[in-house]
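Using the sequences provided together with the hints, build the complete structure.
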Amino acid sequence: MQLEVPEREYMYPGHVACPGCGAAIAMRLFMKVMGEKTIIVLPACCWSIIAGAYPQSTLQVPIIHSAFETGGAVASGVRAALDIKGDTETTVVTWAGDGGTFDIGFQALSGAVERNEDFIYVCYDNEAYMNTGIQRSSSTPYGAWTTTTPGQEWKKMRKKNIVEALVAHRIPYAATANIAFPEDMMRKVQKAKEIKGARFLHVFASCPTGWRIPSEISVKIARMAVQTNIFPLYEVEGGVKYTINHTPKEYPVREYFKLQGRFKHLTDSDLAQIQEMVNEDWELLLRKAGKHS
Amino acid sequence: MKKVLEGSQAVAEAVRLAKVSVISAYPITPQTHIVEFLSEYCSDGRLSARFLRVESEHSALAALIGAASSGVRTFTATSSQGLALMHELLHWTSGARLPVVMVEVNRALAPGWNIWTDQTDSLAQRDTGWIQLYCENSQETLDTTLQAFRLAELVNLPVMVVLDAFYLSHTYEPVDIPEQELVDLFLPPYDPKFQVDTKNPCAFGSLVLPNAYMEMRHNIAMAMEEVLSRFPEIEEEFAGIFGRRYGPVEPIACDDAEIILVTSGTVTSTSRQVIQDLRARGEKVGLLKVKLFRPFPSEMFRRILGPAKKVAVIDRNFSFGASGIFAQEVRAALCNLPSHPPIFGYIAGIGGRDVTTDTLEEIYWQTKKDEVPGKESIWIGLQEVDHATGSS
Amino acid sequence: MTEKKKIIEAIPLLVPHSYLTTESNKTGSWRFLKPRYEEKTSPCSTACPAGEDIGRIEMLTTRGLFKEAWETILRENPFPGVCGRVCYHPCEKICNREEFDKAIAIHSIERFLADNAIRNNFKHLLERNPAREQKIAIIGAGPSGLAAAYFLTLLGYTCDVFEAMPEPGGILRWGIPLYRLPPSVLQNEITRIEDHGVRIHTGKQISRHFLEEARNHYDAIFIGCGHSRAVRLNIPGEDIDGVEDGLKFLLSIRQNKNPSSNGTVAVIGGGNTAIDVARSIVRLGGKVIIIYRRRRQDMPAFEQDVRMALEEGVEIKELLTPAKIIYDNEELVLTLRQMKVVGEDIQGRALVEPDGKTPEEIRVKRIFKAIGEETAEPWHSPPEKGEGILSMNNSVLAYRHQGPALVFGGDLTNETKSVVHAVASGKEAAIALDIFFREGFDAIRSTLKTCKVGDGPSPLSMEIYMGGARRSRSPHVVTYEEINTDYFQLTARVSQPRLLREERLRTFEEVDLKISAHLATREAGRCFNCGLCSQCENCFIFCPDIAVIRDNSSQGRHINYDYCKGCGVCVVECPRNAMVLEEENYEESPGGKSGSS
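Protein chains in written order, with our numbering: chain A, 1 to 293; chain B, 294 to 685; chain C, 686 to 1282.
It should be emphasised that the hints constitute simulated quantities derived from the structure, not laboratory data. Accuracy of the hints is not assured; some may be wrong.
Okay, derived cross-link-like pairs now, DSS-like style, lysine-lysine, Cα gap no bigger than 30 Å in a straight line [said to hold, decoys possible]: (1) C:K711 to A:K220; (2) B:K661 to B:K577; (3) B:K312 to A:K37; (4) B:K492 to C:K711.
Footprint (simulated), chain C over chain A, 3 or more residues, beta carbon under 8 Å [unchecked claim]: (5) 22-33; (6) 206-220.
Where a beta carbon is used, it is the ideal one built from N, C-alpha and C, also for glycine.
Below you can see the structure in the form of structure tokens.
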């Protein structure tokens, strides 16, 4: 069970992420693979703050902070500039939250992917607009409380499937990843690093503050999302070839939901319905991968 | 070399001569020809630049923010709705001190859809920290665009070169296209003061607390002020090589004028004619062309307009709830003079309506007639509207 | 050109460009909970009467460090080869892995390590304390006596072991049959004890007179001569020819007197001796009926051995006691009275009474008595309470103001009569005597408490007593719920091969066969290593604040408390519960909660 993790850190301690922040773990693991020759475009999200206030920066690579909806567009410009300067070694990365990817940033992302811009877009997904105080995004899962879906108005829309939306663009490489599966995540980052063209990583990053869980189970909850099939680990190459990376032990979704305060209002029949939805989505994924349950 | 060029192509020629590296633009009438010419130049190699075919104006400027931060010369063009869409990022570009150059074709804002010339779009962005330069003809357009790169890179502020829709963008005029070698003398390759560098990593544009933000803003204000002295210096250098100079403002027959008209854009051309005619009839009338709008050259306005008896500002724009914007700025420049002439504000040519010699004469006689302005802003050429049928 | 340069220098840019690191923010000040590396106690090590550091033994085995794993056993138990074969492994019954899939086959691994040491001729002498002046006499070279001698030698004392029989070993040599314990293994382990400096004098029967003489030569005497006299049935016909003592029978087999046995035989009793006799008879060709007065589940014999006896064709008749024996026509007629269960005692064993039904009779060729043993001499029995008498878990120390201290141990004092309890006796006696000599009689009980394994009524550890690394572990015993089972896969337990039933019946060859190094390593890899750090580095990998720093310490890393926010992810992701999350102590560091651990 010993994981081979590169020694070098590209992140400094002293940043202001919440204790147990999944996004901090995600960036740390990501950067260990990416290394020095990386430029990060950082649209508005929790990481805009975690990255440090002037005059501090928590990363050892350049960061271009950008406006909320511009992740895909700014990266396109940086890539164009590097190309014209003849730089073939530096990778351009957009590091955005679910808000800046699924919602306000979707246009720029879609545009950049459609043009097959040569960059890696990483969405670290904590399933709401966490930086502005836990408001609902289109990535918020069915059943969740947020400050804009409170009480009986809990979110009754399914989580938008961003990977499928980008697969429809025939993106060269799209994959889901999870901080609780560091080996799988780092392998995918390495794979993405070696491909040219648009690449997308959807990283599940738990948020103790917004999900109302104790900080110490931050990684455990992320693992359970995979184990309950709520967040399957898979890759899509060329927009057509699906590979499922992990077939879980089949936990019932109830196990995942009962640990989180943002789901505590759900009744047994709500959970049963959600279990069916999860099963349905999993079946769909299996079919795409050419497998049966 | 003199050629008859469409105004849009004059812009494209300037961009080519400036050896821009990254262009990112989204088409909108009447800027489209600029984009098309540049696309062609990039395709046939006349210009070796990356042309990003982005999916919106907002993304266009966003891409340039990325490219400029990476240390290359950048260019975009837009108009009206597109400029309005870019608004957030106009603030961002100046705040990030990126020397982006934009050609902005003045077009009316919707609804209703109106593609003809109107200055409200560019003037509505006057607070965004962009240098604004207004052009009267195609030659001035080409020259100003070249100067814009030099100026932007000197003070690290973005520059907006403003043209009238159709009158400049789509009209053919003889233009003297400078030789590349001479342009290279005037405009050396871009030497960025900062850029992203993996060997010396830095975070651009992070969170800034109240204890540091104000000084950064003051720094922008100081840079803007510096433009007032650097722009004439650049014009001087340009004149030395190419023999043409325009000035932040151009006074025509103002020295002994009792009434001075203040205009900008192509209205100025028409006004030159009207001034000549009126002078021939013995009227003591002068004309002040405004080229540099941001930073506003207040000192020059005070010096030139102060001694006049009356000033008539012609605005092809309007700030609802206030007045024509040029008139506001002129009033502000003059208000602290111990004595200054009354400022008459006239609104004309909104949404592309013609500003003819008759319009201008009407403005002159109205100004001469009234002691003081009857209203804050007088709309010239309004027609009666039948509210039942909606026709005028 | 120079003019342009002058312009550029005019107003320097002031832009939000950040070059400094975030390291000046000591986010450790956010903490209200604080994680710490703390190894804890595994339940198996508290169930092992010898207190072996089982979790660590399995961890070393997983890494292929067989010699180091074997040495770890030797610190607490000089008989890994013996125990790996004959111990009833209470450790496995408490193993946390049982709740996940199946308990670790700890005994299989222990046997493998011991056999591996023999095969590779490992020589290892443990560290010992500086030489002490006191001399100790040990009566009986059985497991308790030899263990006592071994541990006393480690503590610096000189020991003389006196053994009546011609060879050392006690019950290990004369009582446990060959098919359970080959003599070569036993000899190897006894030789190692001698290599440590223990002197064994065989053929020396000790009398009461010796005890009185001893005060002139020895400062203490350990009495571990066990129970060598069979308990009588006290029924008519007990002394008829053909009614034999079970233990003597086993002895005769070992003395190569080659007894044979045809026909049906009855063995009376339910303990290990009864089972050993029964299975030996089977191998000599006989058929065996075991007569036991309670139920099968109440039999004190080890469960695995009872099972194997049944497999080998031994019949067990429960709830019967012998009433009388008569000789008739070359056979013995044994009259049996039926018993019934009338309740259970506090340990769950049945309380029985005669049923009142008609007694039954069986006809057998021989009858073996194996209902228990008692002390051969009255002075073997440990004294009851009184002045100067200290009863401990596995031994009794008696001290009068004149004369040497007497310590009774082994079967003489242990409720459960097993080899591993005998080893525990020897260890307890050794430590108690060391405390007695250094601090006096009154210090023994309290000082013994400081070398327990875990909390609760638990075994002693010599390593802890001698100040080894094990001392720094928390006595908290790790439960299954505290293990993060997300990091383990369901894996089948190793199946130790055995001789086939048919093969067993023909020979006294060892029944359990060896396992390979590969299988041993794989089985050891199933161990949760409860409470021990296995260097998996999860804490390092998952820390969001880069507050776990690799270093050259024995832990391999430390927590940088300048930045640790106390989120607790490291503690939860530690699969083995080798970390602890405690409330931050605000009074500890006056200047704030910074610094490293």
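ask   = Does the alpha-carbon distance linking K312 of chain B and K37 of chain A stay inside the 30 Å limit?
value = holds, 27 Å
task = Apply the coverage criterion to the segment 206-220 of chain A and chain C: a residue qualifies when its Cβ sits closer than 8 Å to a Cβ of the chain, and three qualifying residues are needed.
result = With 8 residues closer than 8 Å to chain C, the segment 206-220 of chain A meets the three-residue bar; holds.
task = Would you check the hint for K492 of chain B and K711 of chain C, treating anything up to 30 Å between C-alpha atoms as holding?
result = This hinted pair holds, its Cα atoms lying about 27 Å apart.
ask   = Does the structure keep K661 of chain B and K577 of chain B at a Cα separation of 30 Å or less?
value = holds, 10 Å
task = Sort out whether K220 of chain A lies within 30 Å of K711 of chain C, counting only the CA atoms.
result = Holds, because 27 Å separates the two Cα atoms, which is no more than 30 Å.
message = Can you tell me if the segment 22-33 of chain A counts as covered by chain C, using C-beta to C-beta distances under 8 Å and a minimum of three residues?
response = With 5 residues close enough to chain C, the hint holds.
Comparing the model with each numbered hint stated earlier shows that all of them hold.
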